[in-house]
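Enquirer: Throw the hints in and build the complete structure from the sequences for me.
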Amino acid sequence: MIRFENVSKVYPSGVQALKHINLEIQPGSFTFLVGPTGSGKSTLIKLLFREELATEGNLWVFDKNIELLSPSEVPRLRQQTGVVFQDFKLLPQKTVWENVAFVLDILGIPKAEQKKRVQGVLELTGILHAKDFYPRQLSGGEQQRVSVARAIVNKPPLLLADEPTGNLDPDTTWGIMKLLAKICKTGTTVLVSTHNHSVVERMKHRTVKLDTGSIVADSGQGVRTLGK
Amino acid sequence: MIRFENVSKVYPSGVQALKHINLEIQPGSFTFLVGPTGSGKSTLIKLLFREELATEGNLWVFDKNIELLSPSEVPRLRQQTGVVFQDFKLLPQKTVWENVAFVLDILGIPKAEQKKRVQGVLELTGILHAKDFYPRQLSGGEQQRVSVARAIVNKPPLLLADEPTGNLDPDTTWGIMKLLAKICKTGTTVLVSTHNHSVVERMKHRTVKLDTGSIVADSGQGVRTLGK
Amino acid sequence: MASETHLPRQMLYTLQQSSQNILRSPLMSLIVVSTMLIALSTLGFLLLVMSDLNHMSDEMATQLKIVVFLDDQQDIDKIAGDIEAISGVKQPLVKVDREQALEMMTQDLPDLKEILETDNPFPASIEVAVTSIELMDDVGESIRGLVGVEDVQFNQELSYQLEKVQNSVQLVGAILAAVLILATLAIVVNTIQLAVHYRHTEIEIMRLVGAPHWFIRLPFILEGLIFGLVSSVLAAVLLLFWRVVPYAQLRQWLGFLPLSDSLMPILWISGLLLVAGLGVGSLGSLLAVRRYLRLEV
Amino acid sequence: MASETHLPRQMLYTLQQSSQNILRSPLMSLIVVSTMLIALSTLGFLLLVMSDLNHMSDEMATQLKIVVFLDDQQDIDKIAGDIEAISGVKQPLVKVDREQALEMMTQDLPDLKEILETDNPFPASIEVAVTSIELMDDVGESIRGLVGVEDVQFNQELSYQLEKVQNSVQLVGAILAAVLILATLAIVVNTIQLAVHYRHTEIEIMRLVGAPHWFIRLPFILEGLIFGLVSSVLAAVLLLFWRVVPYAQLRQWLGFLPLSDSLMPILWISGLLLVAGLGVGSLGSLLAVRRYLRLEV
Ligand SMILES: Nc1ncnc2c1ncn2[C@@H]1O[C@H](COP(=O)(O)OP(=O)(O)OP(=O)(O)O)[C@@H](O)[C@H]1O
Ligand SMILES: Nc1ncnc2c1ncn2[C@@H]1O[C@H](COP(=O)(O)OP(=O)(O)OP(=O)(O)O)[C@@H](O)[C@H]1O
Ligand SMILES: [Mg+2]
Ligand SMILES: [Mg+2]
Numbered sequence: 001m002i003r004f005e006n007v008s009k010v011y012p013s014g015v016q017a018l019k020h021i022n023l024e025i026q027p028g029s030f031t032f033l034v035g036p037t038g039s040g041k042s043t044l045i046k047l048l049f050r051e052e053l054a055t056e057g058n059l060w061v062f063d064k065n066i067e068l069l070s071p072s073e074v075p076r077l078r079q080q081t082g083v084v085f086q087d088f089k090l091l092p093q094k095t096v097w098e099n100v101a102f103v104l105d106i107l108g109i110p111k112a113e114q115k116k117r118v119q120g121v122l123e124l125t126g127i128l129h130a131k132d133f134y135p136r137q138l139s140g141g142e143q144q145r146v147s148v149a150r151a152i153v154n155k156p157p158l159l160l161a162d163e164p165t166g167n168l169d170p171d172t173t174w175g176i177m178k179l180l181a182k183i184c185k186t187g188t189t190v191l192v193s194t195h196n197h198s199v200v201e202r203m204k205h206r207t208v209k210l211d212t213g214s215i216v217a218d219s220g221q222g223v224r225t226l227g228k
Numbered sequence: 001m002i003r004f005e006n007v008s009k010v011y012p013s014g015v016q017a018l019k020h021i022n023l024e025i026q027p028g029s030f031t032f033l034v035g036p037t038g039s040g041k042s043t044l045i046k047l048l049f050r051e052e053l054a055t056e057g058n059l060w061v062f063d064k065n066i067e068l069l070s071p072s073e074v075p076r077l078r079q080q081t082g083v084v085f086q087d088f089k090l091l092p093q094k095t096v097w098e099n100v101a102f103v104l105d106i107l108g109i110p111k112a113e114q115k116k117r118v119q120g121v122l123e124l125t126g127i128l129h130a131k132d133f134y135p136r137q138l139s140g141g142e143q144q145r146v147s148v149a150r151a152i153v154n155k156p157p158l159l160l161a162d163e164p165t166g167n168l169d170p171d172t173t174w175g176i177m178k179l180l181a182k183i184c185k186t187g188t189t190v191l192v193s194t195h196n197h198s199v200v201e202r203m204k205h206r207t208v209k210l211d212t213g214s215i216v217a218d219s220g221q222g223v224r225t226l227g228k
Numbered sequence: 001m002a003s004e005t006h007l008p009r010q011m012l013y014t015l016q017q018s019s020q021n022i023l024r025s026p027l028m029s030l031i032v033v034s035t036m037l038i039a040l041s042t043l044g045f046l047l048l049v050m051s052d053l054n055h056m057s058d059e060m061a062t063q064l065k066i067v068v069f070l071d072d073q074q075d076i077d078k079i080a081g082d083i084e085a086i087s088g089v090k091q092p093l094v095k096v097d098r099e100q101a102l103e104m105m106t107q108d109l110p111d112l113k114e115i116l117e118t119d120n121p122f123p124a125s126i127e128v129a130v131t132s133i134e135l136m137d138d139v140g141e142s143i144r145g146l147v148g149v150e151d152v153q154f155n156q157e158l159s160y161q162l163e164k165v166q167n168s169v170q171l172v173g174a175i176l177a178a179v180l181i182l183a184t185l186a187i188v189v190n191t192i193q194l195a196v197h198y199r200h201t202e203i204e205i206m207r208l209v210g211a212p213h214w215f216i217r218l219p220f221i222l223e224g225l226i227f228g229l230v231s232s233v234l235a236a237v238l239l240l241f242w243r244v245v246p247y248a249q250l251r252q253w254l255g256f257l258p259l260s261d262s263l264m265p266i267l268w269i270s271g272l273l274l275v276a277g278l279g280v281g282s283l284g285s286l287l288a289v290r291r292y293l294r295l296e297v
Numbered sequence: 001m002a003s004e005t006h007l008p009r010q011m012l013y014t015l016q017q018s019s020q021n022i023l024r025s026p027l028m029s030l031i032v033v034s035t036m037l038i039a040l041s042t043l044g045f046l047l048l049v050m051s052d053l054n055h056m057s058d059e060m061a062t063q064l065k066i067v068v069f070l071d072d073q074q075d076i077d078k079i080a081g082d083i084e085a086i087s088g089v090k091q092p093l094v095k096v097d098r099e100q101a102l103e104m105m106t107q108d109l110p111d112l113k114e115i116l117e118t119d120n121p122f123p124a125s126i127e128v129a130v131t132s133i134e135l136m137d138d139v140g141e142s143i144r145g146l147v148g149v150e151d152v153q154f155n156q157e158l159s160y161q162l163e164k165v166q167n168s169v170q171l172v173g174a175i176l177a178a179v180l181i182l183a184t185l186a187i188v189v190n191t192i193q194l195a196v197h198y199r200h201t202e203i204e205i206m207r208l209v210g211a212p213h214w215f216i217r218l219p220f221i222l223e224g225l226i227f228g229l230v231s232s233v234l235a236a237v238l239l240l241f242w243r244v245v246p247y248a249q250l251r252q253w254l255g256f257l258p259l260s261d262s263l264m265p266i267l268w269i270s271g272l273l274l275v276a277g278l279g280v281g282s283l284g285s286l287l288a289v290r291r292y293l294r295l296e297v
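Chains as they are written, first to last, in our numbering: chain A, 1 to 228; chain B, 1 to 228; chain C, 1 to 297; chain D, 1 to 297.
Take these hints with a grain of salt, some might be off.
[Stated by the list, open to error] When the alpha-carbon atoms are kept at most 20 Å apart in a straight line, the in silico PhoX-like pairs for lysine-lysine are as follows:
1) K65(D) to K65(C)
2) K155(A) to K115(A)
3) K155(A) to K185(A)
4) K115(B) to K89(A)
5) K164(D) to K164(C)
6) K209(A) to K182(A)
7) K65(C) to K164(D)
8) K65(D) to K164(C)
Hint data in this document are derived by calculation from the structure and do not stem from the laboratory.
Expert: Okay, structure coming up:
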């Protein structure tokens with residue numbers, strides 16, 4: 001599903017965010033990405049849907065070397081990848097409902113079908129009551145849940161979640177994490193970056209640990225977490 | 001220092017974010033504000049520096065009823081209040097250094113003095129290496145630390161931190177929390193909203209718990225946390 | 001591209017997005033439309049004024065006369081008929097027979113009149129006006145060629161003078177119009193770019209969640225078209241209003257000037273503004289959105 | 001307000017902020033300056049053209065002559081001296097004595113010449129040009145009052161005609177200038193508002209961390225002033241260039257038209273553009289920032 005081959009990323013500012021990453025992620029697996037702030041978790045995720053381009057190495061996603069995608073192929077890649085952004089990235093001029101429906105609009109899904117699906121995910125993420133509000137009218141945690149809802153609404157084969165529970169209380173965090181695990185069960189490959197160690201420890205999934213751009217620990221293809 | 005008298009807040013959207021809040025916070029104390037997402041923590045904090053106005057009740061800060069402040073008195077209030085925003089609110093066109101120095105510019109502090117102070121807080125928050133970067137060039141956790149640095153740089157008598165560690169790893173979280181506690185020791189009144197229960201439990205400060213806009217628990221004026 | 005079955009849905013979606021964007025950023029929309037309105041109506045006003053000046057100077061030109069002196073033996077009415085047949089000649093002609101000519105020439109010189117009473121040396125003449133001052137020379141030449149015409153006189157210097165004035169007004173008007181057309185286009189494109197710039201985070205987010213270029217672009221282009229439509233129609237209404245109310249007043253005050261009262265110019269100018277508005281509106285949007293889409297890695 | 005000791009520091013800070021803002025949003029700055037430049041130079045161009053048209057029609061007017069007929073016994077040079085003393089009379093005068101007059105009047109009528117050889121009824125005359133066409137009537141009247149002047153003739157109808165043309169060109173020019181000045185102001189204010197609008201998050205953040213209004217406003221206003229300064233200076237340079245290169249060409253091609261080659265109008269127009277640029281730049285910023293600051297609860 002995903003294969004990093006000696007991937008490095010140096011930002012134009014000169015910061016080396018990733019150093020010679022080699023990593024393989026199996027289809028349908030659930031992987032945690034952990035590491036101190038600034039260790040390169042978000043950068044690694046951004047490479048996977050071409051928000052950023054690697055400066056070295058090769059990166060396969062969906063069996064394609066995405067470093068070689070032409071600009072016109074990029075939207076297709078992104079349509080197959082649900083992303084929960086660390087900073088939410090909700091469209092400010094659209095309501096909660098419209099934000100989530102937007103990705104279905106892109107796919108040309110009929111309104112009736114959209115309605116069913118959007119309603120479903122907003123219920124799952126517990127934010128249906130706010131469906132007619134604009135993002136600026138929501139609390140931090142509510143915005144984060146909308147971002148989760150948008151990422152999963154079109155049932156993408158790949159789901160990337162960058163710190164999806166940073167603004168959530170422990171109960172809601174658990175709810176979202178269980179939701180992600182459930183989605184993984186349906187065959188979706190899930191990659192979650194997080195600082196929440198108690199979640200990582202309790203969920204017992206594969207865990208990859210980054211530090212200053214390198215992988216310093218990997219619990220392996222199995223389903224065990226790293227030892228604390 | 002702070003006194004809420006029957007304060008309620010209804011947003012124009014009709015959402016009642018706070019219901020009849022009565023709360024007193026002593027000068028120089030350290031208080032945690034906890035509660036599920038959407039329970040009104042950010043709203044309560046926003047009232048304290050007049051980002052929002054209460055729709056009912058009275059609110060005293062620095063022995064002034066701030067509901068009655070004229071628009072021209074608001075900047076003074078905000079200059080005495082350091083705020084770590086949940087969404088950072090860094091100036092996108094200014095570097096890390098300039099963002100932090102900006103609040104000293106407002107106070108008309110000479111450049112030489114600014115230099116010393118900015119350098120100091122950037123070191124304390126561990127972000128000095130990024131001083132010439134723009135916010136968009138930083139990771140989530142790095143931006144959050146800049147926001148903390150800006151809030152404390154002018155040594156305000158009141159410090160409000162809204163989820164200041166949501167994007168930080170456990171080690172950095174502890175560093176920031178200890179920093180806030182140290183600042184509190186110098187006489188600053190500190191109010192921190194957070195979802196991080198392990199921090200709240202370990203730090204043993206007064207803890208106020210909100211739920212759907214009401215105070216549902218308060219460990220009292222002492223320094224003990226709520227029982228889980 | 002949208003598959004065929006998606007096309008009507010896509011059109012509906014685009015229309016809905018555009019109107020949403022316009023209505024949810026009312027201040028933005030207002031600023032863009034008002035800038036376009038101001039630019040287009042200034043342009044329209046200049047074009048209208050030029051068209052009116054043209055008409056007016058043509059009118060004035062017809063007050064300059066060609067004087068045609070006749071052979072003594074000719075029938076003045078027959079020659080007048082010949083002259084009227086020349087294209088560019090304005091009806092009716094003014095005929096002066098020999099007696100009237102003598103009368104006119106000698107009215108200030110009673111001495112001379114006595115001398116000439118018996119032997120009138122002045123020929124009959126016809127005064128001819130032309131419909132446009134450039135025709136003066138040609139018409140004069142044609143008349144000179146007619147049988148029975150002894151001499152043709154007109155103030156050539158003066159007609160050249162007036163023609164120069166007309167030409168220079170037209171030249172200057174054309175330069176001004178060209179400058180203003182370019183300025184209008186550039187300003188409107190700039191303004192729309194600023195408005196799109198304002199929404200670059202939105203564009204960025206749309207791209208990140210997988211929206212293809214055309215999907216992002218279409219609503220912006222339609223928005224530009226709507227802005228162009230609204231502002232050019234408003235500009236046309238303004239021009240019409242100017243013509244019907246303040247200009248009508250002006251015509252009364254300036255009764256001595258031959259000001260046109262035709263609504264025809266408004267018609268073609270409005271058409272032109274519509275084309276310009278739609279063109280610039282969509283072009284501006286396209287250029288601006290492209291700038292952000294080109295950033296695609 | 002800033003306490004006295006802070007004032008120089010505040011000024012330095014403001015200047016530094018403004019230049020930072022301009023340089024860190026180069027696209028934005030470019031769009032704003034180019035819009036202002038286009039608007040101001042269009043305005044300047046119109047004003048220049050009007051001033052030139054004015055000059056040109058004055059020049060043309062001097063080609064219309066007043067003919068002064070003299071008493072038979074007068075000394076033509078003495079009266080010419082009297083006429084030259086009248087203000088509005090253009091030097092030199094053209095003098096026609098009695099013999100020249102007879103020659104001119106009879107050159108097409110050899111019969112008449114024979115008859116009049118011994119008894120010349122035509123008076124001596126002086127042709128007078130005026131410096132501006134409005135003076136025609138007054139100068140004519142003054143000359144009529146001179147001793148030794150028998151009659152004064154000039155093509156009154158024609159002079160009225162030309163005056164009408166002049167007046168209408170001036171009137172239309174003034175209306176156009178007024179329209180364009182208003183349009184320029186409105187467009188520039190709009191554009192700056194869009195640019196400020198773009199930065200409303202910044203303004204909001206500055207407010208939230210305690211920046212007083214004047215502290216936020218000053219850099220914006222200074223920025224508006226800088227934009228105004230840069231674009232009006234550039235507009236003046238453009239005008240100067242137009243005058244020195246393409247216009248000079250035009251004057252050669254249109255040699256028959258009395259086109260002005262003075263650089264004077266550029267001077268006052270540039271001054272005016274500078275004032276307009278600075279005024280509108282700062283006003284636009286002020287209005288736009290105020291809109292956001294007024295939201296303060
Ligand atoms: N757009 C950018 N331009 C330049 N440098 C960047 C950019 N984005 C991130 N960086 C730098 O790259 C490094 C890795 O950043 P990244 O966002 O991947 O960290 P992270 O692991 O997600 O951290 P966090 O837990 O704080 O979100 C950091 O040092 C950061 O400053
Ligand atoms: N600007 C706003 N306009 C309308 N409603 C708002 C606004 N801000 C917050 N709300 C609503 O008020 C309630 C309380 O929001 P608040 O941001 O105070 O919650 P919070 O406790 O900070 O939550 P979180 O932990 O998710 O940050 C929520 O239901 C939210 O939707
Ligand atoms: Mg990150
Ligand atoms: Mg909050």
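Enquirer: Are there hints from earlier that the structure breaks, and if so, what are their numbers?
Expert: Hint check: 4, 6 fail, others pass.
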